Amino acid sequence: MSSIWYECSCRGTGTQVPDVDASPPDEVRPTLNAHSIYRLYYCTDCHQLRCPVCVQEEIVVYYCPNCLFEVPTASVKAEKNRCARNCFECPICQHTLSVVSVQDPAWGGGRESPSTDRRSSPASPFGTLANVHYLSCGVCRWDSLEVGLKFERPTGLAMQLQKTEEDRPDVKEFEHLREHFEKVFRANAGSSYGRGPGNQAIPLLSNIPGLSNLPYMNRSNSGSLSNRAAHKIEAYESITEPPRNALEDNGDLEDLRMEAVTTLDQRLFQLEDQPRLRSQLKPQRIQLRTKRQKRCRGCEHVLIKPEQKPQLTNFKIKLVATDFLPNITIAPPHLTWPMNGTKPVEVAFRFTNPLDQEIAVALTAPPETVAADTPWDVTLMAPNFTVGPYNVMWEYEEQQQRGLIGYNSGANANFGVGIQEKRRNYTIVLVKIARKALEAAPLALNHIEFPMHVQVTRAASNNKPIVDSFWVTIVLKKPE
Amino acid sequence: MEGLVTYYEKGDYIETETGNKVSRKSLICGSQNIILGGKSIIQTDCVVRGDLRRSGGGHAVVIATGKYCLLGRGSVIRPPYKTYKGLFSYYPMKIGDHVHIGEDSVVEAAQIGNYVMIGKNCVIGRFAVIKDCVRILDGTVIPPNAVVPSFSVYGGNPGRLVDQLPECAQEMFDAYTKDYYYTRMIRSDMK
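From first to last, the protein sequence lines are chains A and B.
Numbers 1 to 480, taken from the working numbering, label the letters of the first sequence in order.
Numbers 1001 to 1191, taken from the working numbering, label the letters of the second sequence in order.
These are computed hints drawn from the structure, not numbers from a lab.
There's no promise every hint is true.
Claimed, not checked - 30 Å max Cα-Cα, derived BS3-like pairs, lysine-lysine:
| id | chain 1 | residue 1 | chain 2 | residue 2 |
| --- | --- | --- | --- | --- |
| 1 | A | Lys77 | A | Lys309 |
| 2 | B | Lys1085 | A | Lys309 |
| 3 | A | Lys464 | A | Lys343 |
| 4 | A | Lys464 | A | Lys294 |
| 5 | B | Lys1021 | A | Lys150 |
| 6 | B | Lys1085 | A | Lys318 |
| 7 | A | Lys282 | B | Lys1178 |
| 8 | B | Lys1178 | A | Lys305 |
| 9 | A | Lys150 | B | Lys1178 |
| 10 | B | Lys1085 | A | Lys478 |
| 11 | B | Lys1085 | A | Lys436 |
| 12 | B | Lys1178 | A | Lys477 |
| 13 | B | Lys1120 | A | Lys422 |
| 14 | B | Lys1082 | A | Lys318 |
| 15 | B | Lys1094 | A | Lys316 |
Note that the structure is predicted; figures quoted are calculated from it, not measured.
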């Protein structure tokens, strides 16, 4: 599929690359640094494009993707980034599990009543029956009774599992480690905690307790007193043994059936013990997702600020490239493939202006030194042109005035050299492409790629025009 | 690359005052229970089951769509059903604005938000809840009772998170659905 790739000025490094305008993108084919315009942001202070690599992200809110409830940051750490309500994932297929209740057969019941929300079981004429609640998967038919997991109440399942989770060897080991390092850190407190060379406070260090106690950090400050204190702490002793080597269990191999063994994906999902057997797989609580705030790396200006509530999809601040830069698309008539011979073909590009003021666009092909390597000869028929402003009143028009209906673009007057159409807020310009010589690689028959430099100028309120410039890689491919 | 235009004969589609275009070759059952939001398109061979309604008198809305929706060729839209306390009943299905459902997809979700693009050959299970600004890739199977949060791209069988949509997804889908309605379905006598 043909596409237009925009190059961010950071070229994937995350920092400003000097003299970007003179150097076209490094390789002919779009690199990982090339993005569609929909993925790019625009900083209105620096007047620069920003890509997902050169933005700083900060977390605004944590939420569970299943119940869409917001989780306060304090609970996030306590619950280890997982949902603390009733959201569980099937260990076999990773789909959300539903809570199902069954009347305990010992009381003469046995009627199954699936409940996907947290409703308590209905009272029965036999009196209050012991209700068994368990988790069931709608996709692979797994249920938690296969591993012997039952609940007393249909709500607060995570609470009911909390005791078993705390008894897990890896959790106990982690807690023991944390206590040990807290002792170490308290012993070293006051000497070099949270301070870098020259005794400045380093805020990042203070967020990670224990990090400042690394020997590297202690170098600059007087360490003799703190080192003596550190020596008083005993060496760490772990309280759990390493897990049994699975390879030694050769005796089980003869009894194993394929269905009883877990797949690699299933094992990696349950990281604490990575069980080999299906009967050892436990349902995992669902991991939380985040909404992030993005900042420009150059000037710390906020580019994207989402709403605090997880259910809302709008943004408080949204500086995306599609609102500021012209969107370049390939307009009909489309090329006929394959491209044979050296006869030049004309490709029409449509520049759509999102702003409510007119813009002047200047196109330049890459300099001759670079273009000599590429098999394509690119002639820009309209190197300078303007694109009209966008008028929001067009949203309310009748169908007759929109789109292709009623327009007869062929019979229209001349717009200028190389300009096929210039209407409303778009301009279609022509570019002539010719193959240089037939020794070009056979790949070139169905695939054309070349970079182009675009410079957009618009008037600003203080009469000093704003100029945005960026490189674009054009990829034309035969559609499959 | 800009999309291709499909032309249809005047007699093939019914056009309502609110701008809905319904194909005569589609199978619409229980049309009195179906609400189309305006400027929506129902293409040929599409099956919309508005007749599967919950028992009980009175006027009930079984399937409601928003503006600028597209129910693709051969798609099946039916409301979800459940047996609760021994009673079998259908539940209403609510589709938001700017929702495109691809060809041959089967949709039984309970609720689809705004600005959702569903691909071809998808299966959306019963009582699935799809929030705003979501893209479901071609051939995805969303299991029953699943919740698809905003700005996700789901794919595969069972549907899993594959990608995140950019923040401008809403404008992107808005422009696409409007452009589809105005410029991609043209009556052949208005070329």
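Now the hints, each set against the structure:
1. Straight-line distance between C-alpha atoms of Lys77(A) and Lys309(A) comes to about 19 Å, which keeps the hinted pair within the 30 Å bound.
2. Using a Cα cut-off of 30 Å, the hinted pair Lys1085(B) and Lys309(A) is violated, with the two alpha carbons roughly 35 Å apart.
3. At roughly 44 Å between alpha-carbon atoms, Lys464(A) and Lys343(A) are farther apart than 30 Å, so this suggested pair is violated.
4. Between the alpha carbons of Lys464(A) and Lys294(A) the distance comes to roughly 28 Å, so the proposed pair stays at or under 30 Å and holds.
5. The hinted pair formed by Lys1021(B) and Lys150(A) fails the criterion: a straight-line CA distance of about 52 Å is larger than 30 Å.
6. With a C-alpha separation of about 48 Å, the suggested pairing of Lys1085(B) with Lys318(A) is violated against the 30 Å cut-off.
7. Between Lys282(A) and Lys1178(B) the alpha-carbon distance is near 47 Å, which puts this suggested pair outside the 30 Å criterion.
8. Of the supplied pair hints, the one linking Lys1178(B) and Lys305(A) holds, its CA atoms being roughly 27 Å apart against a limit of 30 Å.
9. Among the hinted pairs, Lys150(A) with Lys1178(B) is inconsistent with the structure: their alpha-carbon atoms are about 51 Å apart, more than 30 Å.
10. Note on Lys1085(B) and Lys478(A): the hinted pairing is violated, with a Cα-Cα distance of about 57 Å set against a maximum of 30 Å.
11. With a C-alpha separation of about 75 Å, the suggested pairing of Lys1085(B) with Lys436(A) is violated against the 30 Å cut-off.
12. Taking the CA atoms of Lys1178(B) and Lys477(A), the gap is about 26 Å. The hint holds against a cut of 30 Å.
13. Distance hint between Lys1120(B) and Lys422(A) is unfulfilled; the C-alpha atoms sit about 35 Å from each other, more than 30 Å.
14. A C-alpha spacing of about 41 Å is found between Lys1082(B) and Lys318(A), which places the hinted pair above 30 Å, so the restraint is violated.
15. Restraint check for Lys1094(B) and Lys316(A): satisfied, since their Cα atoms lie roughly 27 Å apart, inside the 30 Å limit.
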